[in-house]
Amino acid sequence: MSIAIVLFGEYGFDRAVAGVIGCGQALKATTGGEIVAVVIGAPAGEMTSEVAGRVDRVIVASQPELGEYQPETAIDAMKQILAPLGASIVLLGNDTYSQEVTPRLASRLGGSSLADAVEVKSVNGAVHAIRSAYGGKAMATYELKRSPAVVWVRARALAPAEPTGAVATMEETSVNLGEAALRIVERRAEVQEGVRLEDAQIIVSGGRGLGGPEPFEMLKELAQVLGAEQGASRAACDAGWVPPSWQVGQTGKKVAPELYLAIAISGASQHLLGMGDSKVIAAVNTDGDAPIFKHCSFGIVEDYKNVVPLLTEKLAEMRK
Amino acid sequence: MRTLVCLKQILDPDLPARDFQIDAESREAKQGSANLVTNIFCENALETALQLRDRVGGEITALCYGGEKAEDVLRKALAMTADNAALVSREGVSNPDSLAVAKVLAAAIRKLGDFDLILVGRESGDWGVGQTGGLLAEELGMPCLTLVDEIEAEGEGLRLRRQSDVGFEIAECSSPVVATITNHEANVPRIPKTRDVMMSYRKPLTQWTHADLELDNEVAGGRSYYEVVELFVPTKDIECEFVEGDDLNERVASLAGKLSAVADAVS
Ligand SMILES: Cc1cc2nc3c(=O)[nH]c(=O)nc-3n(C[C@H](O)[C@H](O)[C@H](O)COP(=O)(O)OP(=O)(O)OC[C@H]3O[C@@H](n4cnc5c(N)ncnc54)[C@H](O)[C@@H]3O)c2cc1C
Ligand SMILES: Nc1ncnc2c1ncn2[C@@H]1O[C@H](COP(=O)(O)O)[C@@H](O)[C@H]1O
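First to last, the protein sequences are chains R and U.
Start counting the first sequence at 3; every next residue gets the next number (my numbering).
Start counting the second sequence at 574; every next residue gets the next number (my numbering).
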C-alpha cells in the first residue's frame with residue numbers, strides 16, 4: 003500500500019513538513035509500499051530537494067492557479083492528482099489549509115477522514131489513528147473504515163523524517179481547474195515579533211486571572227528576559243485582551259516547548275491539550291488546587307502581581 | 574438571508590478531569606452527574622447568524638441531530654431568538670461517525686428548503702473531530718470555508734473573515750455556502766432573555782425520525798466512516814514542587830533560579 007503526503011508549496015520545508023513525512027516513514031516501516039509527496043503550488047525555497055531526500059516520489063503541481071491557496075481549487079487539484087495514485091493513506095499537516103481540505107478530500111476520494119492524529123498505524127491491514135478526545139481528558143483510537151484514510155496529523159509533535167540517502171524522482175503535473183465559487187481575496191498577517199509560537203523553546207502564557215489586557219505588558223517584560231514567546235488561554239483571547247493567534251490549546255496552537263510558564267491559567271483539559279507535551283511546565287496561580295499544578299514540575303501559589311515584576315527583576319539580574 | 578445553524582448536544586466540556594469516567598463497553602464518557610450542553614462553537618455560529626440577521630434581516634433555522642434531551646439545545650437556540658427549529662432523532666445510535674451526521678443533516682436541510690448560509694461549529698467539544706462541516710458541504714455540493722469568525726452580506730454575495738495560522742483572511746463567495754465557525758470576541762453567545770425563553774416554547778419545532786428522511790440503515794447506523802475502537806484516560810501525574818522560602822522575596826528568587834536553569838539548558 004502506498005502513502006501519499008499532501009504538502010502546500012507556499013509553506014516550504016519546515017518542522018511540520020518533516021513531521022508529516024516522518025509519520026509516513028514510520029508507517030512505511032510496517033506497510034511497505036512507497037511514499038509519494040504531492041506538492042500543491044510552486045515549492046518555496048529548498049523545499050523540493052529537502053522533500054525529495056525523504057520520500058520515494060515527488061509530484062509537483064505548480065501551475066499559477068495553485069500559487070496561492072484557494073480552498074475549492076486546491077481540493078479539486080488534489081482529487082485529480084490523488085485519485086489515480088490509489089494510495090491507501092493520505093497524510094496532511096496541521097496548518098489551517100490542511101485541516102480545511104481533509105474531510106472534503108476524503109469525500110471526493112471515497113475515503114474516511116480524521117483530524118489531529120498523534121499516531122497513525124496499520125493494524126492487520128486496517129488504518130488506525132490515535133487522537134485525543136473529550137477536550138484532552140481521554141485518548142481514542144479510531145479505525146478508519148474506508149480507503150483511503152485521509153488524516154491530518156499533529157505534525158510538529160511527530161518525529162521528523164530522516165533523509166533516505168536517495169533522491170526521489172520528480173514529476174511535474176498539471177490539472178484542469180474551473181472557476182472557484184469561493185475565493186480568498188485578502189490575507190493579513192499579524193505583525194509577529196520573534197519566532198512562531200509552535201517553534202518557540204520557551205513560552206510565557208497568560209490567562210483569565212490576569213484580569214485585563216494591561217498585565218500582558220508586564221508578562222512581555224518577563225518573556226523578554228527569558229527569551230520567550232507569549233501565548234494565552236482561550237479565556238484571555240475571547241476577552242479580546244490578546245489576538246486569537248496567541249491561543250494555546252485544543253482549538254489554538256499546539257506547542258511543546260522546553261519550558262511553558264502558565265500565569266493565572268487554571269489548566270483546563272482543553273488548554274493542557276495544547277501544551278501538555280512541554281518538557282517543563284511551571285505555573286503562577288493564587289489557587290494551589292488549580293489543575294495546572296498537576297502537570298507542573300514546579301510552581302508558586304501567589305498573586306501574579308506580586309510575582310511577575312519581582313521575578314522579571316531577578317531573572318534580569320541572573321541572566322545579564 | 575436564510576441561514577441554517579447546526580447545533581450539537583454534548584457532555585459538558587467543563588466537567589473537571591477528576592470527575593471524568595469512561596464506559597468501557599460503549600467506549601464513551603459516562604455522563605454521571607454532568608449536564609448535557611450545546612457545543613460552544615455551535616452557539617458561536619448561532620450568534621454570528623443572529624448578528625447578521627440584525628444587520629440584513631432574514632430567518633434563522635436551528636437544526637440538531639440528537640438524543641432524548643436534544644430538544645433542550647433547540648429550545649435554547651429559539652430562546653436566543655432563532656426563528657424555527659428542526660430535530661432529527663438519533664434513535665438509539667450513539668456517537669455516529671461524521672459522515673452519518675453529515676448525511677442526516679444534509680437530508681434534513683434538503684427537506685427544510687433553500688438556504689443562503691449554512692453554519693456549523695469548527696468542532697465539537699466532546700469528540701472534537703471537526704469533520705462535519707466539510708463533509709456536509711460535499712453532501713450538499715456547496716463551497717466551504719473553515720474557522721470563520723465574521724460574516725457580512727455584500728451585494729448578492731457574502732464576505733467571510735476567517736482566522737488563519739498567522740492572522741486572518743477574507744473570502745468572497747456567492748450563496749449558498751457552508752462555513753465552520755470559530756470563537757471570537759465578537760461572537761460570544763448572548764444570554765437569552767426571560768421573555769424569549771418563554772417565547773421559545775411557542776416557536777415551531779419540527780421533529781423527524783430517520784425514516785422521515787428516508788435514510789438508509791447503514792448510514793444511519795453511523796459506523797461506516799470510522800469507529801472508536803479504544804478509549805482510555807492517559808496517565809501522567811507528576812509531583813509539583815512548590816517553591817519554598819521565608820518570604821515572598823525568597824520564594825520568587827527560588828522560582829527565578831529554577832526558571833533560569835531551564836532557560837540556560839535551552840540556549
Ligand atoms: C471545545 C472547547 C475548546 C476549547 N479550547 C481551548 C483552547 O484551545 N485553549 C484554552 O486555553 N482553552 C480552551 N477552552 C476553554 C477551557 O475549557 C477553559 O475555559 C479556559 O482554558 C480557561 O482559561 P483560563 O485558565 O485563563 O481561565 P480560568 O479557568 O478562569 O482560570 C483563571 C485562573 O487564574 C487564577 N488567578 C486568578 N487571579 C489570579 C491572580 N491574581 N494571580 C494568579 N492567578 C490568578 C485562578 O486561580 C484560575 O486558576 C476550550 C473549551 C471548549 C469547550
Ligand atoms: N449531531 C449533530 N447535530 C447537529 N449538528 C452537528 C451534529 N454533530 C456535529 N454537528 C455540527 O458539526 C460541528 C462540528 O462537529 P464535529 O465535526 O463533530 O466536531 C458542530 O459544531 C455542529 O455544528
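Hints listed in this document are in silico derivations from the structure and should not be mistaken for laboratory results.
Just so you know, these numbers come straight off a predicted model, no measurement behind them.
Don't take each hint at face value.
Claimed, not checked - Covered stretches of chain U, going by a simulated chain R footprint (3 or more residues, C-beta under 8 angstroms):
1) 643-652
2) 748-757
3) 814-821
4) 831-840
Unchecked claim - In silico lysine to aspartate or glutamate, DMTMM-like type, Cα no more than 20 angstroms apart, as pairs:
5) R:307 x U:812
6) R:316 x U:819
7) U:603 x U:725
8) R:307 x U:837
9) R:316 x U:837
10) R:322 x U:819
11) R:147 x U:803
12) U:766 x U:664
13) R:281 x U:800
Claimed, not checked - Stretch-level coverage of chain U by chain R, calculated; a stretch enters the list once three of its residues show a Cβ under 8 angstroms from a Cβ in chain R:
14) 575-581
15) 627-638
16) 718-731
Note that the Cβ used here is the ideal one computed from N, Cα and C, for glycine as well.
Evaluated hints:
1. 643-652: violated (count 0)
2. 748-757: That given contact holds, which follows from 4 residues of the region 748-757 of chain U lying within Cβ reach (below 8 angstroms) of chain R.
3. 814-821: holds (count 4)
4. 831-840: Three-residue rule met by the region 831-840 of chain U, so holds; n is 8.
5. R:307 x U:812: 25 angstroms, violated
6. R:316 x U:819: 17 angstroms, holds
7. U:603 x U:725: This hinted pair is violated, its Cα atoms lying about 41 angstroms apart.
8. R:307 x U:837: Status violated; Cα separation ~25 angstroms.
9. R:316 x U:837: Judged against 20 angstroms, a Cα distance of about 15 angstroms means the pair holds.
10. R:322 x U:819: This hinted pair is violated, its Cα atoms lying about 26 angstroms apart.
11. R:147 x U:803: Holds: residue 147 (chain R) and residue 803 (chain U) sit about 15 angstroms apart, inside 20 angstroms.
12. U:766 x U:664: 32 angstroms, violated
13. R:281 x U:800: Violated: residue 281 (chain R) and residue 800 (chain U) sit about 32 angstroms apart, past 20 angstroms.
14. 575-581: It is violated: at least three residues are needed, and the region 575-581 of chain U offers just 0 whose Cβ sits closer than 8 angstroms to chain R.
15. 627-638: violated (count 0)
16. 718-731: holds (count 4)
Violated hints for the displayed structure, listed by number in ascending order: 1, 5, 7, 8, 10, 12, 13, 14 and 15.
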